[in-house]
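Residue numbers (my numbering), protein chains in the order written: chain A, 1 to 153; chain B, 1001 to 1153; chain C, 2001 to 2153.
Source of the hints: derived by calculation from the structure; they are not laboratory data. For every residue, glycine included, the Cβ atom is placed at its ideal position computed from N, Cα and C. Treat the hints with care, as some may be off.
[As the list claims (entries may be wrong)] Here are the simulated distance ranges between beta carbons:
1) C:2088 to A:70: 14 to 20 Å
2) B:1126 to A:42: 38 to 44 Å
3) B:1026 to A:85: 27 to 33 Å
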Amino acid sequence: MPDNARAGDLTAVNVQARHMLEVETSGPGFTDLTREIDGWLASSGAGEGIVTLFVMHTSASLTIQENADPDVLRDLGDALERIAPYDQSYRHGIEGPDDMPAHIKSMVTSTSLSIPVERGRLVLGTWQGVYLIEHRARPHRRRIAVHFMGSSA
Amino acid sequence: MPDNARAGDLTAVNVQARHMLEVETSGPGFTDLTREIDGWLASSGAGEGIVTLFVMHTSASLTIQENADPDVLRDLGDALERIAPYDQSYRHGIEGPDDMPAHIKSMVTSTSLSIPVERGRLVLGTWQGVYLIEHRARPHRRRIAVHFMGSSA
Amino acid sequence: MPDNARAGDLTAVNVQARHMLEVETSGPGFTDLTREIDGWLASSGAGEGIVTLFVMHTSASLTIQENADPDVLRDLGDALERIAPYDQSYRHGIEGPDDMPAHIKSMVTSTSLSIPVERGRLVLGTWQGVYLIEHRARPHRRRIAVHFMGSSA
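I would like the entire structure built from these sequences, with the hints used as guidance.
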């Protein structure tokens, strides 16, 4: 929005851009995507609007979480394991004992996220980072569709 | 986006369309909405953009999940029952023992989803389907507001 | 959309507006944001489109839930405590025993929500309200970024 726009003023929407983010995971855990998304926004000429993130998989997902203490991410991983234990009895086991828990963890976290953008950057709280969560036991190549809609810079 | 647009290029946004999807459920379980949403997008003349899905209820919700092995969906239903058991003691019981678990299951899954659209189709991974989850014990008629914003075809 | 537009018709998108909603919470529980968001939409001159809500914190989050019986909200709070108990052993404890449970509760609910708007009002089911959930034990001032994109009234 122009510098002299008051919050709440209606300003123009006219552009969109898209990008496929590829991430190599190294097994269960959290990968911070914040810098990569901000970098793409800057290179795209995005101004004000909304970024939509969408994970193209059902055994990896998204969350916005604290980026300060890495122990928070480890505790979150443990919490997901309590919700979806490996040693539960599942009907679907053909892809390994980590597969069905991965689907459950995806279901209770986020496949899509919508985040405001101002002056070409994600509008995040001080301690917020955007994370991909890998739920499978082995490394995977994951794709996240990134889409911006709003005004140009 | 035009065929010659590079990913990341800014292209036009100028249209929106909306639709109210109605689904008859037959009790707890998953209903695949993917084809119906793609069909509506095609008939609307949608091009590139974002589809937003919004469930108009608090005892049914949305998820993106694997569309290959139906056992995945059954295991997901079991996982939701472990998170929100029928036999837990709840304050709110007037609408039946399945009602409060239904609200909890809605809270831990998704009321809204945002999905990228390219060339008038949902951008989904190979194994992804868009599902409505019925959480109540009896059949219900459910409404899902569908909204597209982006460019025309 | 104009009164004579059929659902599914493509209509114009041309404006966006943003607002930072500030909420004082009084400890764990649910704050209904519905009226405040509708009031802002009306004052902004929003017509048809999508509202995106984004919580700027990792220990508070959003949900769409039943607005009729307050016991539903209390039962939802209890359900979140069962998912993320205070007396679990966590690595991250420096900010108090309620902090790590708050992050887990945020992860399994919503940091962002996308809600359709028609004639300048949220499109919600009869029993739906939009709630901020405070997960920390003490009162906090919480910020929710509100963004509208679509057409003007």
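Verification of the hints:
The hint said 14 to 20 Å for the Cβ distance between residue 2088 of chain C and residue 70 of chain A, and at roughly 18 Å that hint holds. At about 31 Å, the CB distance of residue 1126 of chain B to residue 42 of chain A disagrees with the hint of 38 to 44 Å. Between residue 1026 of chain B and residue 85 of chain A the CB atoms are about 30 Å apart, so this pair conforms to the stated range of 27 to 33 Å.
Going through the hint list in order, the structure does not satisfy hint 2, though it satisfies all others.
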